[in-house]
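Peer 1: From first to last, the protein sequence lines stand for chains S and A. Reminder that position 95 of the first sequence reads as 95 in the numbering used here, one-by-one numbering, no gaps. Every position in the second sequence, counted from 1, becomes a number in the numbering used here once 349 is added.
Some hints could be false.
Stated by the list, open to error - The following residues of chain A were derived to be distant from chain S, with all beta-carbon distances above 12 angstroms:
1) W663
2) G679
3) G698
Unchecked claim - Below, simulated DSS-like cross-link-like pairs (lysine-lysine); rule was C-alpha separation at most 25 angstroms, straight line:
4) A:K626 <-> A:K599
5) S:K310 <-> A:K526
6) A:K468 <-> S:K337
Claimed, not checked - Listed below are several chain A residues computed to face chain S (Cβ distance under 8 angstroms; list not exhaustive):
7) V416
8) G427
9) F453
10) L750
Simulated from the structure, these hints should not be mistaken for lab results. Glycine included, every Cβ here is placed at the ideal spot set by N, Cα and C.
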Amino acid sequence: MGTVWFCLVAIMLAGYVVLDGFDLGVGVLHLWLGRTDAERRILMRSIGPVWDGNEVWLIAAGGTLYFAFPSLYASGFSGFYLPLMMVLWLLILRGISLEFRSHISGPIWSTLWDTTFSLASLLLAVFYGAALGNVVRGVPLDANGRFFEPLWTNFMPSGETGILDWYTVIVGVVALAVLTLHGATWIGLKTEGVLYSRAVRSASVIWWLVAFLTVALTLVTFLMFPQLFMNFRIQVWGYVFPILAIAGLLGMKWTIGREDATAFGCSCAYIVGMLTSVVFSVYPSVLPASTNPAFGLTVANAKAGEYGLKIGLIWWVIGMALASGYTIFVYRNFAGKVGSADSEEHESY
Amino acid sequence: MNEALNVHRLHFAFTITFHYIFPQLTMGLALLLVYLKTKALRTGDEHYNRSARFWARIFGINFALGVVTGIPMEFQFGTNWAAFSKAAGGVIGQTLAMEGVFSFFLESSFLGLFLFGEKKLGRVGHWWAAFLVWLGSWLSGFLIVATDAWMQHPTGYRLGANGEFELESFWALLLNKWALWQYAHTMLGAVQTGCFVMAAIGAYYLLSGVHVEQGKLFVRTAVIVGVIAACMQLSPTGDKQGLMISRYQKPTLAAMEGLFETQEGAPLAILGQPDVKNQRLDNPIVVPDALSFLTYRVWSAKVDGLDSFPRSDWPDNIELLYFSYHIMVGLGTVFIAILVIAAWKLFRGTLYGSKIMLWMLMLALPFPFIANTAGWVTAEVGRQPWLIYGLMRTSAGVSPLVSAGSAWFTLIGFLGMYMVLGILFLYLVYREIDRGPAPGHAEVASAA
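With the hints as constraints, model all of the structure from the sequences given.
Peer 2: Structure below.
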């Protein structure tokens, strides 16, 4: 039952990264691709009706983590206290920029929220990457499964670690590049004209960066944490995850600027492949200890009671089936390119 | 007392209090929006749709702030209350996760359609969007109240092998009778906030002589719905809630009422200031024997005062508890009075011409927010010194490794950020009210 929930939480987190990932990427590119007020309005409208629902995946994943692995939730959230609070502030700033920008038209008001939106999106992407880096690297858990990490110490990924060290910063930068590319493929899917050509051009350039960083990060990770590759040796089928990532990455190269929907799909596949590869390699650990491997949190010692997990499975399946239904309904209602023609209807609210 | 503990408590208290300004209005307005859309569908009167569109804009701003201030709440269980989360996550994690899975997806999906899709969805489709937004927000309210109710009156759990609470009965958790009454009481409070805000803006338009037709509709809708909610707030829901406290949280009842001495025929304190050091109520104005009657339905029944309980079980802030309870009850009584008179005048057809009533309705706007907040302070301060009543002390639930310094840092961050949010909120809502509902065809024609 613990492994089932491990997979379900991983699916929800992957769902969150894929969905909120593209609207974060749009945010990162917002100031650069959108040069005029009208263009920026189109960019915001390309995510307008969906970003809020995308963020719900984070809340739902957090809630699911809370009830399925209470010890992990407690230990991880209190240990990552400072960066999590900053993530919350960034989410607040980003949310209100998206909501409030359209309420008043005026250059100062728009510039304020455009900049806030873009900076908050950029920092969030880096923070998420750094958080993932921390999980891979391990955290200084004590014998009670507790830790508290400062934001940084000496930027070294061993000894007295902080949230940010050179390794986690690299992961943060990779996350930023990956989500930016993801956002660019989304903009390619949703816009036309000059925005479209700018998005395609950026995507082609960022693709090379992502490809380079993927190889570099994989090598660095392999050298620093060779134990992560144990699972692949034991369970050979696990190679399907990195293969999915590679296929997505190569597929993007061929489809950017030609098949916009496929390019976006490939970007989703790449992200899912990368995340599942990480998740597969850390299993059954959920939060490894950098202090003493025996202190690490695993599926077995972090999971909730058996009855709760079983009953949870029933409502989770029903609830997520409904939620997927609404998500598909909303996206279908909102399919197609965002033009400037329907702007008046939107702006009236 | 542990310094960090107090900062963590203040942190949660501040962020939840600020957060709850928004959901209480959106939950109330969601019901009123369904009411307006239903009326529009049934009568075909376009005034109702125009009103619904205006209130949807106010709803949208409030909803956005509710969402962004709500996300930190879910995270804070883990960040600031790790020991509690570790112990209780297997139980209350259920209701919190269900809130995400069942309500938030529903709300976020259909709110977009409700706000932007009126033309596309058509009349019936748009009614459904309003209905599903209402359903999502009220379901969310229930799951949060069920979570709190488990902390007030734990049911359906057992103690696991590692000293952690495990879920034993899903239905006992969801159908906790504490949750059912607390939910009804909470939602009626939210409906009153929605009604008073709607009535206040309607009264403001009537007194200013602008948007008169819409103003009348706002006042009429709000008074009709509000008077029902206000009466049910007192009885049965408030009464039942009080009875549960008198049965399961006896020291809390004594502290709420400022009853220091156990006595037969206990009085009900209307006014007075608790002097905890000397264990007496200063300057009391009381109704003799009334507390005994309300608690046990017998005028001479014996009610336990605080002296019946060890000091370690007393709520740790009796003054705050006493005043928040009295403010809640006092305001609730005033609301009933205002709304009953308003409903009577509405029935007689004299409400729109009664300047005094319109002024009262307009100035009443902030008070339901205060009453709802005071109600939650009563519930949560009343639960002290327990985090899970009878099972876990508040001091045992805090994150052991998060220092007071870290907690102050983020508390100050939230204070600053929420101040900015508050200013923006007031400014944007003011603009919407100033703009008012879009004029109808008739009004445009007459203006031309």
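Peer 1: Hint by hint, where does the structure go against what was stated? Just the numbers, ascending.
Peer 2: Structure breaks no hint.
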